[in-house]
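Using the sequences and the hints given, assemble the complete structure.
The opening residue of the sequence shown carries number 1 in the numbering used here; numbering runs sequentially from there.
Treat the hints as calculated values from the structure; they're not laboratory data. Among these hints, one or two may not hold up.
Below, a list of computed lysine-lysine pairs in the DSS-like style, where the Cα atoms sit at most 30 Å apart [said to hold, decoys possible]:
(1) K61 <-> K71
(2) K71 <-> K43
(3) K91 <-> K71
(4) K91 <-> K43
(5) K43 <-> K61
(6) K61 <-> K91
Per label pair, the in silico range of CB-to-CB distance [as the list claims (entries may be wrong)]:
(7) T40 <-> K61: 17 to 23 Å
(8) G59 <-> V93: 28 to 34 Å
(9) G59 <-> T95: 17 to 23 Å
(10) A97 <-> A45: 31 to 37 Å
(11) G48 <-> N83: 18 to 24 Å
(12) T38 <-> T68: 17 to 23 Å
(13) N53 <-> G94: 16 to 22 Å
(14) A82 <-> A49: 29 to 35 Å
(15) K71 <-> T38: 17 to 23 Å
(16) K71 <-> T40: 19 to 25 Å
All figures in this text were calculated on a predicted structure; none of them were measured in a lab. All residues carry an ideal CB built from backbone N, CA and C; glycine is no exception.
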Amino acid sequence: MTGASFVGAVRDSSWFRGWNFASQSGMFANTAQAIVPTVTVAKDAATGAPVINFGAETGVKYSLEVSTDNKSFVPVTVVEGANLPYTDASKTVGTTALYYRAIAL
1 MTGASFVGAV
11 RDSSWFRGWN
21 FASQSGMFAN
31 TAQAIVPTVT
41 VAKDAATGAP
51 VINFGAETGV
61 KYSLEVSTDN
71 KSFVPVTVVE
81 GANLPYTDAS
91 KTVGTTALYY
101 RAIAL
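Now the structure itself:
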């Protein structure tokens, strides 16, 4: 892979969806659930840990990732849609900005 000093027109997790040949030829299933769903984060009252939830499809696995700058994400875990909400015990809400995203695998 060749590195580039610029960023493309879409987010790194959705470059393939909707406009390239694979998408136009039906290689990606159409589903009611988004490939990159909207994530909500709440605070666990007892521990202060973030509790992550999103609209997931049962039986689909999602890569859950976190960032402190909303640019560079690192993997947290892989979670199945039926196992939500997920509590990230390694973090505490309020110590620094936390941005979570989930990407269907």
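Evaluated hints:
no.	hint	result
1	K61 <-> K71	23 Å, holds
2	K71 <-> K43	22 Å, holds
3	K91 <-> K71	18 Å, holds
4	K91 <-> K43	11 Å, holds
5	K43 <-> K61	23 Å, holds
6	K61 <-> K91	22 Å, holds
7	T40 <-> K61: 17 to 23 Å	19 Å, holds
8	G59 <-> V93: 28 to 34 Å	30 Å, holds
9	G59 <-> T95: 17 to 23 Å	34 Å, violated
10	A97 <-> A45: 31 to 37 Å	20 Å, violated
11	G48 <-> N83: 18 to 24 Å	21 Å, holds
12	T38 <-> T68: 17 to 23 Å	20 Å, holds
13	N53 <-> G94: 16 to 22 Å	18 Å, holds
14	A82 <-> A49: 29 to 35 Å	21 Å, violated
15	K71 <-> T38: 17 to 23 Å	18 Å, holds
16	K71 <-> T40: 19 to 25 Å	20 Å, holds
Against the hints set out earlier in the document, violations occur for numbers 9, 10, 14.
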